[in-house]
Amino acid sequence: SSVVVAIRVLDTSKQNTLEIPFARVSGSAETGLMSSFLIADSLSYAVREHRTTVNFLKDGLPALLGPILRRMDFIECPELWTKLNLCQCTDRITAEELISREFCHLAEALSDLDFDRLCAPLASNQSIPTFLVPIKPSFAMGLMDNEQAANDLFGGDSAAFLRWENVYYRTKTRHKMLVAPARIIWYVSGDQKAIIGISHLDEVKIAPPKELFREYQKFVVLEWRDLYKMCGNDVTKEIMALKFSRTFLFRNAVTLKSMRQIFREESHPESL
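Residue numbers (the numbering used here): -2 to 269.
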């Protein structure tokens, strides 16, 4: 199989801004997947380094990156593609005070939900429910934690953490509560017992496993045998698929007690 090579140049000379003057991904069947990872990893780097704006300069980009940047909430400007990364749990008015006048003008026409998506991992819209979703450590590694996967002998599912969107399967417990759009707070069980990240929940679908497997096969982290086991070897038994995107890991894992205290202090409604 062909080897995919990706390269980017990061410019951190501007305060609060991460600029990418050059980015390339070698041509192959996996170019789109690797391109989305390169962009998402740049966003995650900006969050870790407390940089609120990410700019990809057009002069240093291949044309194929344009549609991917647009799908990942970047705004096209004459000379660059730009996106906000706001990490605060605050209201929209305060969030708008943190961004430039140019962004405020662009954001005025957005709904509260689209504003949060544009500025993810921002949590400014308190009308959006937040759900705590437990996840096993092995699944957490495969779906979102590429650093952990890199240190694992088997490396998890590399395609999963390269994607901007993913699907997580679970049993149909508490299914009436889980609705989209919402936010997901990921709680890793096992020895870690900590909240490690946040995503936007875009879709919830409940159906027999074969139907879900066909619909979301391109996102699959679990094999068919895993879904078969999840439904108790009964293919008529419904399970749940959570389609999510805009996943950001926290800089430090957070205990459940600490997270609930943060939500109380910020007067943010929780569905944990």
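Think of the hints as simulated: they come from the structure by calculation, not from any bench.
Treat the hints with care, as some may be off.
Here are the computed distance ranges between Cβ atoms for each label pair [what the hints assert, rightly or not]:
id	residue 1	residue 2	range
1	257	221	34 to 42 Å
2	106	225	25 to 33 Å
3	262	3	36 to 44 Å
4	250	4	26 to 34 Å
5	103	259	23 to 31 Å
Lysine-lysine pairs mimicking DSSO-like chemistry, simulated, CA-CA at most 27 Å apart [unchecked claim]:
id	residue 1	residue 2
6	133	207
7	215	254
8	240	169
9	254	234
10	169	226
11	190	207
12	226	254
13	254	207
14	202	169
Predicted model, so just to flag it, every value in this text is computed and none were measured.
Beta carbons are placed, not taken as given, at the ideal position from N, Cα and C, and that holds for glycine.
Hints broken by the structure, by number, lowest first? 2, 7, 9, 11, 12 and 13
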